[in-house]
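With the sequences and hints as input, model every part of the structure.
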Amino acid sequence: MKKVLGLALGILTAIGGFLDIGDLVTNAVVGSRFGLSLAWVVLVGVVGICLFAQMSGKVAAISGRATFEIIRERLGPRAGGANLAASFLINLLTLTAEVGGIALALQLASSVEPRLWIPVAGLAVWLVIWRTRFSIMENVTGLVGLTLIVFAVAVFLLGPDWSTLADQAFHPKVSAQEGQASYWYYAIALFGAAMTPYEVFFFSSGAVEEKWTVKDLSQSRMNVLVGFPLGGVLSVAIAACAAIVFLPKGIEVSSLSQIVLPVALAGGKLALAVVIVGIVAATFGAALETSLSSGYTLAQFMGWSWGKFRRPAHAARFHLSMIICLVIAVGVLMTSVNPVAVTEFSVVFSAVALPLTYMPILVVANDPEYMGERVNGRLTNGFALVYLVIIVVASVAAIPLMIVTGAGS
Amino acid sequence: MSDLPEDRRPAGRVLDARLHLLDRQILDVDGTPVCTVDDLEVHGLDGSDLPDGTQQAVITSLLSGAVLATRIFGGRPPSSRWHRIRWTHVSDVGTTLRLGVRSEELDVTWQERWVRDHVIRRIPGGSHDPG
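In order, the protein sequence lines correspond to chains A and D. Take 1 as the starting number for the first sequence in the numbering used here and just add one per residue. Take 1001 as the starting number for the second sequence in the numbering used here and just add one per residue.
Just so you know, the hints here were simulated from the structure itself, not pulled from any lab data. Hints are supplied without guarantee of correctness; some may be wrong.
To be verified - Footprint (simulated), chain A over chain D, 3 or more residues, beta carbon under 8 Å:
id : segment
1  : 1023-1029
2  : 1066-1073
3  : 1109-1123
As the list claims (entries may be wrong) - For the chain D half of the interface with chain A, some residues (derived, Cβ under 8 Å), not all of them:
id : residue
4  : Pro1033
5  : Cys1035
6  : Thr1036
7  : Ser1091
8  : Val1093
9  : Thr1095
10 : Gly1126
11 : His1128
Keep in mind it's a predicted model, so treat the numbers as computed, not measured. The beta carbon of each residue, even a glycine, is placed where N, CA and C say it ideally should be.
Structure below.
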């Protein structure tokens, strides 16, 4: 019974933990402009994140080495250092977006200026990192984040024309006023949002934090293979809500209040309250994950002592670097930069950085020195190679498309 | 039988310094991360401290700290700024290097101790286990 409960808890946490501000914003924007015609990208992204998250978890459980230790060891100080610089900056951008997301959600609930909420949100994130145990942090934010299921409920309550939605999803075509370049630009943004590299840093470091062994692998496989796809379904539901309400009127989503509007229309005040709780939990959970990821990547590259399972005094530089990152994120947001715009940039740059993370994982997952007999099978490697091609193409195409489309505008 | 080539391979496990030592994580005797092997100090068996590859040489120390920057950007820091872990402290070489001493006793972790004593311990809760 305890096992079943543990399994259910893991899966539920994975669903709730899948969504972050990047998924919320990108899916809503895409839904309002392209309907469900990019839903296939979410599917591609979810399969990809399942594949590589599981692989990095496996490497961490069997070798005890987290992703960035491996990147440093395989790529050396120069290429590894360049990789660290890129991953760290993009992670910082994502952290800024998440903290901004918490503040915007709290503003929706309270009508208090977000700039008053930003320092509060930053401090709350730090306090949890400083004092809370890893498993509690994971489970609470994941479970509360499950309330985002209200997006899926809202799709049914809105009573859409199902055949139109199905037609958009299964016969994707680009509308005349949007153009091919914008379509593919947002395809890459959605892909980047689903496969954000910090999820892999966090997943593999989390496996070390929770001292996974080979025995825990079947549980983690279930969490990933069931939880992430269900999280992907919620992503599509967010896009569907925006497609039903905004697409026919030609309104482009550009703020968090617009993202939650379809839910409020469908379910009234109660649904609105639930969705705000869900967004706070999802962005808060992702802010924790990204702050920890910034500490993880830096500490693992430099070989410092790291981990939440240690007292802060026993991982001093790790904790100091996270404090500095949070201060920077709060500082950037206090300049009144629009968190939604920061989010849109963060998902595209995530897509640019994808090969930097995923390539070394694939190499080490095939290295018998680390993995013993548990190196990747042929099927996994086949899938991984296909994804490597997709990832490289998306990464190379991202910046030119960003310039051509004027960042999608 | 005498025309068989002589086996010139050294007995025991062969380590490639670049492949098996450089950029590997170093753990202390308790399993706490100490640093990464940023560079190696090599001495010639004839006593020279800058072996040119013609003589037999041994690794005397693992280096960490400022040498990382010079490995990325080139050059050589003054040897007064090298932080050494003597090779005699190394107890095992695998996917990580294990030391037989505690990380506290090593010079190379001075930054960790400085940050701990001047910043982290001064914030309430810094010395307690996470609740």
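Going through the hints against the structure:
1. 1023-1029: Coverage by chain A holds for the segment 1023-1029 of chain D (4 residues, Cβ < 8 Å).
2. 1066-1073: Contact hint for the segment 1066-1073 of chain D vs chain A: holds, 3 residues under 8 Å.
3. 1109-1123: holds (count 9)
4. Pro1033: holds (5 Å)
5. Cys1035: holds (4 Å)
6. Thr1036: This interface hint holds because 3 Å falls under the 8 Å limit.
7. Ser1091: Hint violated; D:Ser1091 Cβ to chain A Cβ min 17 Å, cut 8 Å.
8. Val1093: Cβ of D:Val1093 sits 11 Å from chain A, so the hint is violated.
9. Thr1095: D:Thr1095 check passes; min Cβ-Cβ to chain A is 6 Å, inside 8 Å.
10. Gly1126: Holds: closest Cβ of chain A sits about 5 Å from D:Gly1126, inside 8 Å.
11. His1128: holds (6 Å)
Consistency with the previously given hints fails for numbers 7, 8, ordered from lowest to highest.
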